[in-house]
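Number of protein chains: 4
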Amino acid sequence: MPCRSSDELNTLVAKAKKCAKSGKVADYIPALGKANQDDLSIAIHYPDGRCISAGCIEKRFTLQSISKVICLALVLIDRGSNYVFEHVGMEPTGDPFNSIAKLETMSPSKPLNPMINAGALVVTHLIKGNSVEERFQRLLSFIHELTNDSTINYCEEVARSEFETAHLNRALCYFLKQHNIIEEDVEQLMELYTKQCAIQMNVLDLARIGLVFALDGVDPLSGKQIMPPDVARICKTFMVTCGMYNASGEFAIKIGIPSKSGVSGGIMGAVPGKFGIGIFGPSLDEKGNSIAGIKLLELLSKNYKLSMF
Amino acid sequence: MPCRSSDELNTLVAKAKKCAKSGKVADYIPALGKANQDDLSIAIHYPDGRCISAGCIEKRFTLQSISKVICLALVLIDRGSNYVFEHVGMEPTGDPFNSIAKLETMSPSKPLNPMINAGALVVTHLIKGNSVEERFQRLLSFIHELTNDSTINYCEEVARSEFETAHLNRALCYFLKQHNIIEEDVEQLMELYTKQCAIQMNVLDLARIGLVFALDGVDPLSGKQIMPPDVARICKTFMVTCGMYNASGEFAIKIGIPSKSGVSGGIMGAVPGKFGIGIFGPSLDEKGNSIAGIKLLELLSKNYKLSMF
Amino acid sequence: MPCRSSDELNTLVAKAKKCAKSGKVADYIPALGKANQDDLSIAIHYPDGRCISAGCIEKRFTLQSISKVICLALVLIDRGSNYVFEHVGMEPTGDPFNSIAKLETMSPSKPLNPMINAGALVVTHLIKGNSVEERFQRLLSFIHELTNDSTINYCEEVARSEFETAHLNRALCYFLKQHNIIEEDVEQLMELYTKQCAIQMNVLDLARIGLVFALDGVDPLSGKQIMPPDVARICKTFMVTCGMYNASGEFAIKIGIPSKSGVSGGIMGAVPGKFGIGIFGPSLDEKGNSIAGIKLLELLSKNYKLSMF
Amino acid sequence: MPCRSSDELNTLVAKAKKCAKSGKVADYIPALGKANQDDLSIAIHYPDGRCISAGCIEKRFTLQSISKVICLALVLIDRGSNYVFEHVGMEPTGDPFNSIAKLETMSPSKPLNPMINAGALVVTHLIKGNSVEERFQRLLSFIHELTNDSTINYCEEVARSEFETAHLNRALCYFLKQHNIIEEDVEQLMELYTKQCAIQMNVLDLARIGLVFALDGVDPLSGKQIMPPDVARICKTFMVTCGMYNASGEFAIKIGIPSKSGVSGGIMGAVPGKFGIGIFGPSLDEKGNSIAGIKLLELLSKNYKLSMF
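So the sequences go chain by chain: Z, F, X and P. Read in full-length UniProt numbering, the first sequence has 216 at position 216, and its numbers run on one by one without any break. Read in full-length UniProt numbering, the second sequence has 173 at position 173, and its numbers run on one by one without any break. Read in full-length UniProt numbering, the third sequence has 119 at position 119, and its numbers run on one by one without any break. Read in full-length UniProt numbering, the fourth sequence has 285 at position 285, and its numbers run on one by one without any break.
FYI, nobody ran anything at the bench for these hints, they're computed from the structure. Just so you know, these numbers come straight off a predicted model, no measurement behind them. Any given hint could turn out to be false.
One copy or any two copies: either way a pair holds, since identical chains are not told apart in the list.
Pairs of lysine-lysine, DSBU-like flavour, derived with a Cα cap of 30 Å [claimed, not checked]:
(1) K59 <-> K274
(2) K254 <-> K305
(3) K21 <-> K302
(4) K274 <-> K302
(5) K305 <-> K34
(6) K302 <-> K24
(7) K305 <-> K287
(8) K254 <-> K224
(9) K274 <-> K254
(10) K18 <-> K59
(11) K24 <-> K34
(12) K128 <-> K21
(13) K254 <-> K287
(14) K274 <-> K305
(15) K224 <-> K302
(16) K18 <-> K224
(17) K302 <-> K34
(18) K34 <-> K224
(19) K110 <-> K287
(20) K302 <-> K254
(21) K128 <-> K254
(22) K110 <-> K21
(23) K110 <-> K24
(24) K224 <-> K17
Can you make the complete structure from the sequences, with help from the hints?
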């Protein structure tokens, strides 16, 4: 049985932490740039309710791209997979997450998958509701249910900052709007998307969401099926094929745990049937993944044979 | 000396007109879709003031992409070529005029030339003035001077319609803004750009502008140097290397007259030292050029040996 | 426990077979074009030695791209993963398997993964030996061990035919040679590669190889570790992320079984810890995968919950 | 009348020479790497037989890409423009001269123009004759006629060296062969092409060829029409739109003289109706053009107003 003591975890964290120096904190908006490059924390949440952790686990950080997989789950529940996959593809791309070129060179201009920005914008566009506020609250309620924590909210400073600077995402939106893949007003979608990305939580919360995915959608506490098993399965598959930006292939080979990262330095992992993982380490490698977080997952995967493959 | 009688011109127009049937009128906005597919008119303006013409020469049409070369002239006058070419390149692309892919694959993300949409948006961005209104009036005044006709204005219906639907241009703008090539508010730039594209004139006016370029910037009537010879020369060069969208190379080989086309079906030609040409034929080929207009220019070029090469 | 009776399997085959009509047999070389579009056969090989099957299981077919994953296993054993991944990447591409464009646009020009042709050519290049003959025999011996059948050989007609027509693969090789990723003589490599692709076997053999991968490299009969567990794991990971050409993402979501297909219509599957699958159905979909074979795997995966995710 | 005295020319050469230091001699084969970075020579050939020159004009160098435009003229004479342009396009590309990506992304895979390597290989493929030897002799005879010098031949060392290392050109050939644009044996075509590129001459010869193009195909001495005016015109057009690699647009704007460069450092210019230019300056800029050669042409164009535009 994998790692059950915080002592073991502390040792691994100390080891993984060393490589944080060779990465770089995201600084495209001031709020992210303030993060401490040396931070590294982890929580592991087991089905029986036990949770072990290491590092500064109270610290909240914004989900950024991790929100893409949670939002996808919500939209799959609401709309069904057939409808969703008429609007976004299922293939990994090999390109950076913010790339626009394939939208032009492929026909039709459907984003290749929901984990690249173009695809994630389409998924967020599909959140049901009559207003940005209502749609955002639906996503937030879903996250409250997943984390069993109704205090979770978004960081206004980060959301505002991203809203003001996300011109590349606007370019993607207008391109998609030109091709009738997105229909709503772009500024409205940007407001919703930047709020979504700015949702804040700590590694304990994140590990709990990972656990729900690991348990095929079942709440570990109440036993309630929060999302259908198929939705959890689809999300975990995307986490393997394109969850770690254009380093997903390497991550699958070296680590083999369905995971989703964000540029704030968070990583959510779901070891099928076993446990959920939440990691925060803001120092990023050149592809935008937490450099110490990946190292830590590599140590865990090797030590406890966690690869699915 | 080339074609001096309207009779000759009428014969050529009748011949060229036949291929209008194999083209298609632009219909991405309703106002353009209303054009008559079979229309074909031409005016040739000589330095001595004489003008011969054929077809329905009173009909006004919007400049669309033809405005790109006029706007470039204005901005070159205002800013100097060094400054302008820090913001936009000088190379033909081989890609469609509205392509975004090269902005991503090339580094830096400077548009390759001012005749593709990305480059034209940068040039329009460089028009001096304190407001959209002031900047647009500067461009309009310049056109009044070039045509010696101060009644020329823009078509509100077309401008509004393009403003509402130009999502691809917005995508280009936001991409450029992300890379700090465009700084102003995108909606403001779009307002200015769509008004610029919606400026209306007839083939007589267009031929007169072509003549000013042909005469190295000199007004044929007053002898005034409206633009420096270098500016006229740069514009004519772009008209050869990238004036006819991604059919410019073929056009240079088959016809060899510096020309600029627009999706409304207009073509402006400048035969260096000799005369200016204005053409209107709204039926387009698949690359967006007036199909009968190109045929007519081919006949003219062959009959009167007008190729520069 | 999954499907244990041939009756069940026959029913599924009959159901899946229907969609063979909407596909097309590969015909770029005559030998492949002779295949019967309606064929569909399957063998499932269990660790205890039992094997169930349906369809014409004696029919031999060439491995084509399925050989890529077997060759990768051999080369990983011989050279170690560090060495191999200096020469070929680990990322899915989103492009067709024979694409050359990314070799030019990415820097360095290392093929993105070993399942696209460019990457597979690099892997074959890495097979140890002093001559094409010696290297090919090493690969064949490895396959004899995996299948426990030393009569397996290659089809000379197919190998010769592919050798004569594989100009696109030659283009890839020369491009890679220009960038010093491949060093040997291209014709020599082409001889080795086309022989490798022309290795023939039936679905029983293929299922047995799949089983060795499923059992982490252990021979089901002798218990011998034919390949290290890490090699089997790496291969299965690639089968998930890029085993089904640029339909791998969709296949992972809908079916979730590590699999590798070839344009002859073969598919090899490895259900981790459980069983190996061999399928032959030469009617292909537009991406080059067996159309009825995929349908059959989908039915199996749904009925017996075989997805890894 | 432009520059008639060698004194003027010597002054300009001395001035232009200074920038040779900031360039780099081609060194992809040893024979080219031996060139003297500081060399710069020019010859200007007038219709009346007069020729002025500066620098070491006796030095021979290989034509490299300059041969593309001469070969194009020969093939246009032999096959007619309709036939030729069924096999190669007329559009500039914006990509480097050795790029392969557009062959894949455009449909059909016809090279965009005859001045990029892919297109030049197609043109060389079209040289008539029953053997490489016979076809090469046809090209050589044509060059003897153009230069009025029957001693011109190719450099065996350079040809052999290029033949051995031209893997990228082989990649292009095989790609084109896969798409049935090239039919002959690739090694045979490579032999012919590398010999063509290795044809040697000095700047006096080169200026004389430029003059024939400038005079619409007429031999300045005998008055004989060596090539039809249309062929000369087409060649000059390509020299403007794509003669200077992917710096052609800038060159057209700044200099405006139809020109073709080669990586040996040669540039051939044709000032329509006026004179031919031959330049040799082996220090190259990053796009592969003679850095001092371009500077020299810029000085000439500005001083004597030589731009066509």
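Hint check results:
{"no.": "1", "hint": "K59 <-> K274", "result": "within (25 Å within a copy, 42 Å between copies)"}
{"no.": "2", "hint": "K254 <-> K305", "result": "both (11 Å within a copy, 26 Å between copies)"}
{"no.": "3", "hint": "K21 <-> K302", "result": "within (23 Å within a copy, 46 Å between copies)"}
{"no.": "4", "hint": "K274 <-> K302", "result": "both (16 Å within a copy, 22 Å between copies)"}
{"no.": "5", "hint": "K305 <-> K34", "result": "neither (35 Å within a copy, 46 Å between copies)"}
{"no.": "6", "hint": "K302 <-> K24", "result": "within (25 Å within a copy, 44 Å between copies)"}
{"no.": "7", "hint": "K305 <-> K287", "result": "within (25 Å within a copy, 34 Å between copies)"}
{"no.": "8", "hint": "K254 <-> K224", "result": "between (33 Å within a copy, 25 Å between copies)"}
{"no.": "9", "hint": "K274 <-> K254", "result": "both (19 Å within a copy, 22 Å between copies)"}
{"no.": "10", "hint": "K18 <-> K59", "result": "within (20 Å within a copy, 56 Å between copies)"}
{"no.": "11", "hint": "K24 <-> K34", "result": "within (12 Å within a copy, 45 Å between copies)"}
{"no.": "12", "hint": "K128 <-> K21", "result": "neither (42 Å within a copy, 39 Å between copies)"}
{"no.": "13", "hint": "K254 <-> K287", "result": "both (16 Å within a copy, 28 Å between copies)"}
{"no.": "14", "hint": "K274 <-> K305", "result": "both (12 Å within a copy, 18 Å between copies)"}
{"no.": "15", "hint": "K224 <-> K302", "result": "between (32 Å within a copy, 23 Å between copies)"}
{"no.": "16", "hint": "K18 <-> K224", "result": "neither (40 Å within a copy, 40 Å between copies)"}
{"no.": "17", "hint": "K302 <-> K34", "result": "neither (32 Å within a copy, 48 Å between copies)"}
{"no.": "18", "hint": "K34 <-> K224", "result": "neither (39 Å within a copy, 55 Å between copies)"}
{"no.": "19", "hint": "K110 <-> K287", "result": "both (23 Å within a copy, 17 Å between copies)"}
{"no.": "20", "hint": "K302 <-> K254", "result": "both (9 Å within a copy, 28 Å between copies)"}
{"no.": "21", "hint": "K128 <-> K254", "result": "between (38 Å within a copy, 25 Å between copies)"}
{"no.": "22", "hint": "K110 <-> K21", "result": "between (38 Å within a copy, 28 Å between copies)"}
{"no.": "23", "hint": "K110 <-> K24", "result": "between (32 Å within a copy, 26 Å between copies)"}
{"no.": "24", "hint": "K224 <-> K17", "result": "neither (37 Å within a copy, 39 Å between copies)"}
Going through the hint list in order, the structure does not satisfy hints 5, 12, 16, 17, 18 and 24.
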